[in-house]
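**Q** Generate coordinates for the entire structure from the input sequences, incorporating the hints supplied.
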Amino acid sequence: MPTAAAPIISSVQKLVLYETRARYFLVGSNHAETKYRVLKIDRTEPKDLVVIDDRHVYTQQEVRELLGRLDLGNRTKMGQKGSSGLFRAVSAFGVVGFVRFLEGYYIVLITKRRKMADIGGHAIYKIEDTNMIYIPNDSVRITHPDEARYLRIFQNVDLSSNFYFSYSYDLSHSLQYNLTVLRMPLEMLKSEPTQARQESFDIFEDEGLITQGGSGVFGICSEPYMKYVWNGELLDIIKNTVHRDWLLYIIHGFCGQSKLLIYGRPVYVTLIARRSSKFAGTRFLKRGANCEGDVANEVETEQILCDASVMSFTAGSYSSYVQVRGSVPLYWSQDISTMMPKPPITLDQADPFAHVAALHFDQMLQRFGSPIIILNLVKEREKRKHERILSEELVAAVTYLNQFLPPEHTIVYIPWDMAKYTKSKLCNVLDRLNVIAESVVKKTGFFVNRPDSYCSILRPDEKWNELGGCVTPTGRLQTGILRTNCVDCLDRTNTAQFMVGKCALAYQLYSLGLIDKPNLQFDTDAVRLFEELYEDHGDTLSLQYGGSQLVHRVKTYRKIAPWTQHSKDIMQTLSRYYSNAFSDADRQDSINLFLGVFHPTEGKPHLWELPTDFYLHHKNTMRLLPTRRSYTYWWTPEVIKHLPLPYDEVICAANLKKLVVKKFHRYEEEIDIHNEFFRPYELSSFDDTFCLAMTSSARDFMPKTVGIDPSPFTVRKPDETGKSVLGNKSNREEAILQRKTAASAPPPPSEEAVSSSSEDDSGTDREDEGSVSQRSTPVKMTDTGDSAKVTENMVQPMKEVYGINLSDGLSEEDFSIYSRFVQLGQSQHKQDRGSQQLCSRHSDGVIKLTPISAFSQDNIYEVQPPRVDRKSTEIFQAHIQASQGTMQPLGREDTFMFREYIRNRYL
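If you want our numbering, it's the 1-based position in the sequence shown plus 967.
Simulated from the structure, these hints should not be mistaken for lab results.
Worth double-checking, as some hints may not be accurate.
As the list claims (entries may be wrong) - For lysine-lysine, the following DSS-like pairs were computed, each having C-alpha atoms within a straight-line distance of at most 30 Å: (1) K1484 with K1226; (2) K1194 with K1625; (3) K1410 with K1484; (4) K1245 with K1571; (5) K1350 with K1430; (6) K1194 with K1410; (7) K981 with K1082.
These numbers come from a predicted model, not from an experiment.
**A** Shown next as structure tokens:
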């Protein structure tokens, strides 16, 4: 079934800034350089920004003529050839925005980019470098002594560090939202008033719409979710005056992609983290929530799985799972003036009716649906009350809010003291997290854009039948969200999110038909690859918020980390403490200025003169807010009606207003993602087309020996992976030390023992009895007597390479297996009754086949030819006649295609 719409690709991907004394001319084009747009920026205004967009689409020839006339008209003397009146200032790939401090406006341009990921042919780029250009001319510039300091503070936000954008994929929304919009019913799109086509002089445009009739394709562009957009304030001044293609929204967080090779079938695993731009800041300076329900360190993490062999949102297989981390939604803070490693936690305001928590959870219900599951990892038993203050207040807030919600949509609260379990030698942290993860994924479900495969219906799995979410004719939808928090939402939270993501990854692989059971074990290539992605994800988010990388990793909680990791943990702790004590204040000022939280104004205190930024983030301290919400009906009425579905994905009039719908020809460049990715109109190289060098399970994790199973789901020894095989001697010794440490650790207790020792089992389910412990690698260890056995021999024995000794004779069991294999092959042949009877006498007692399905003539040796329809026969006959010199007359569609080619290439 063809999709009803396609995402609109921005036609402004290459930019050139031209300069004259009076104006800047920003010329933008699509990648094929067939469509151009021009922005005129006035340079004669000292403090105002004047941007003019004529909204005309130029051809390449028209732009050359326009630039030639501008060059001729801006020369100092008419007809002078020596000096040019139009200067090429800079080349760029997008506009970040416009900003003003105390003088005139600046324009921020992206000058370098790097491709980081690919989702269905839609490229995701990372900003590598930017250029900040002052717009007013020097002759009208009014200088201010503090302008340079504001400029330095603004540039402290390093745009080349983890800022991402895309020309065709909305990074501020989840994959589920983007594909749900594209699968909107065709009748809804036709009923919406489509945007008027731009004025142009194309003589084929109207004729093309008539000839195509109903074969046109709807292009859809959705409004971004501004909570995760970081340059929204910088683009706000031109948002209503320029064409939407000039608006390039960027997100901040993390983006990583790896290739999972399953017997030659490529599967891309993508991890995208979106950091909230509301109440953003550094570790100790931003805690809790503001008066609008936005919390500190709020990050939405989405893992996307796609079959890379089919590059299409229509025909491809895509799956995603979303989870969130964020500070405890209360009014609380920590005073860092005492210079203590752990400053005391204080509750700043009393909130008996959980007003701020209600605003926060109302936002989550609108975006994610129900149920909302809170996994609280803070400490519950302490000698001195520290983290427990937050737990008690959060329990009280959730209990109060739940009494007014319908019972089927209540907030699920799971408290679990992860630090206490880590210190215990008898308890296994990851086993317990795995039980919680199974319970969470069963409640929320996940997104997949294809219906359940026939094999899962034929042989259903018990876990699969218990899966939650919303099942549709086209696949499954995730309804609800897991919200994980500790105090900092860094180390413990990242490990918990990894375990939930690992559990969801197993269900995603199972839904795409890549594994036979929704279960993944540690020490497989797939989990190692996924763990590496999550560690990079955790390190990046920890650097952004805490000032250092992760201190405790997954290996730390598995208790297989090498001894050298302890010294690294100490260094990371010291780095985090130094950053929090000395550099966080400057970083917070930069974020406040970049996001537009603080606007420099003449005659008012400067940013560095403010004693606190509390009133900047809490708007109710500066003015009276509208009427407070009801203490009992604390949710938005429209949201509660559509639960468990998220209101943002419901097809209604309010959501349709957020979409830009436009009808295109089938061959229009603005919706043709195939041409956008492969670019057949230009001479390109493999390095440019496939410039994305991602981590691969086959290259980086699979063993290099030929006799081992190449499946990425096979459990391997820690020193068998590709990275350790190619390492040096110290790496091998370190790996063997890890194996000994894992083997000497006490075995994990049974699930019953873990459950009985826990006092906070509310909201969790017991694990199945047959589950495999993931404490350590299930490898039988041999004692090495001397150091000579530690080093690996260059010549490996035959049994290690091939699995058997070829010189030894076959055992009776192996010979029986081979005999059964021979009989299985012979049973596929068609034989007469006599030979069948003869064969049955020999095969009795050897093997007995019980077929579960029957075919008329199709088997591995005989295939029934498919039926060919009349149209396919005519096409084939026309092809044969064309090879013999007899050409068929061109149809109306062929004529239109040729005209489109001529117009795009030469006009």
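**Q** A separate judgement is required for each hint: does it hold in the structure or not?
**A** Here's how the hints hold up against the structure:
1. Our distance criterion of 30 Å between C-alpha atoms is met by K1484 and K1226, whose separation comes to about 21 Å.
2. At roughly 15 Å between alpha-carbon atoms, K1194 and K1625 fall within 30 Å of each other, so this suggested pair holds.
3. In summary, the hint linking K1410 to K1484 is supported, as the alpha carbons are separated by about 19 Å, within the 30 Å threshold.
4. Of the supplied pair hints, the one linking K1245 and K1571 holds, its CA atoms being roughly 24 Å apart against a limit of 30 Å.
5. Our distance criterion of 30 Å between C-alpha atoms is broken by K1350 and K1430, whose separation comes to about 41 Å.
6. The straight-line distance between the Cα atoms of K1194 and K1410 is roughly 26 Å, inside the 30 Å bound, and the hint therefore holds.
7. Between K981 and K1082 the CA atoms are separated by roughly 15 Å; this keeps the pair inside 30 Å, and the hint holds.
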